[in-house]
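**Student:** Sequence:
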Amino acid sequence: MEAIMYRFASLFIFALALFTISPNVSGAEAGELLEVYRARLGTDDHFNSRGQRLDNAAAIIRQDRANFHRFGIRDDEDQGDSYFASKANRARLERMLRRGRATRSVLRQIVNGTPMIRVRIYS
Numbered sequence: 086m087e088a089i090m091y092r093f094a095s096l097f098i099f100a101l102a103l104f105t106i107s108p109n110v111s112g113a114e115a116g117e118l119l120e121v122y123r124a125r126l127g128t129d130d131h132f133n134s135r136g137q138r139l140d141n142a143a144a145i146i147r148q149d150r151a152n153f154h155r156f157g158i159r160d161d162e163d164q165g166d167s168y169f170a171s172k173a174n175r176a177r178l179e180r181m182l183r184r185g186r187a188t189r190s191v192l193r194q195i196v197n198g199t200p201m202i203r204v205r206i207y208s
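Okay, so the sequence shown: first residue is 86 according to this note's numbering, each after it adds one.
What the hints contain is simulated information worked out from the structure, not anything from laboratory work.
Beta carbons are placed, not taken as given, at the ideal position from N, Cα and C, and that holds for glycine.
Accuracy of the hints is not assured; some may be wrong.
As the list claims (entries may be wrong) - Quick list of the computed label-pair ranges, beta carbon to beta carbon:
hint	residue 1	residue 2	range
1	Glu117	Asn197	18 to 28 angstroms
2	Gly157	Arg123	31 to 41 angstroms
3	Phe156	Arg180	35 to 45 angstroms
4	Arg189	Phe132	18 to 28 angstroms
5	Ser208	Arg138	16 to 26 angstroms
6	Thr188	Gly157	26 to 36 angstroms
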């Protein structure tokens with residue numbers, strides 16, 4: 086049952102109170118709130134573990150969670166979460182975000198800046 090619930094998990098991300106990336110989960114409304122965390126998308130989060138610059142918002146947010154959980158690289162404002170402690174769930178992150186919506190301005194802020202974001206994970 087847990088695997089099914091996580092399979093359909095959805096994300097809502099708020100950065101600087103300016104945007105929301107909300108998924109279209111088969112036209113359904115978001116389910117139960119599973120978790121909320123805040124994170125600073127710092128300079129280290131903009132590069133993968135091979136040192137290559139990341140060029141899309143989803144990859145940067147995923148790297149932030151890998152840095153937090155796997156590599157112990159954390160910004161002062163980063164909060165923990167249990168959902169993305171799982172490598173499999175981090176792999177789902179980009180797909181979840183691609184189903185969402187965000188303005189080009191917001192995506193540019195993530196790619197070109199170091200914004201603070203708040204992530205809400207729904208079933």
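**Student:** Decide, hint by hint, whether the structure agrees.
**Tutor:** Going through the hints against the structure:
Hint check: Glu117 to Asn197, Cβ distance near 34 angstroms, so the stated range 18 to 28 angstroms is violated. Here the CB-CB span from Gly157 to Arg123 is close to 18 angstroms, at odds with the stated 31 to 41 angstroms. Between Phe156 and Arg180 the C-beta distance comes to about 22 angstroms, which lies outside the given range of 35 to 45 angstroms. Between Arg189 and Phe132 the CB atoms are about 22 angstroms apart, so this pair conforms to the stated range of 18 to 28 angstroms.
Distance hint for Ser208 and Arg138: a CB-CB separation of about 34 angstroms, inconsistent with the stated range 16 to 26 angstroms. Taken as a hint, the range 26 to 36 angstroms holds for the pair Thr188 and Gly157, whose Cβ atoms sit roughly 33 angstroms apart.
When each numbered hint is compared with the structure, violations occur for hints 1, 2, 3, 5.
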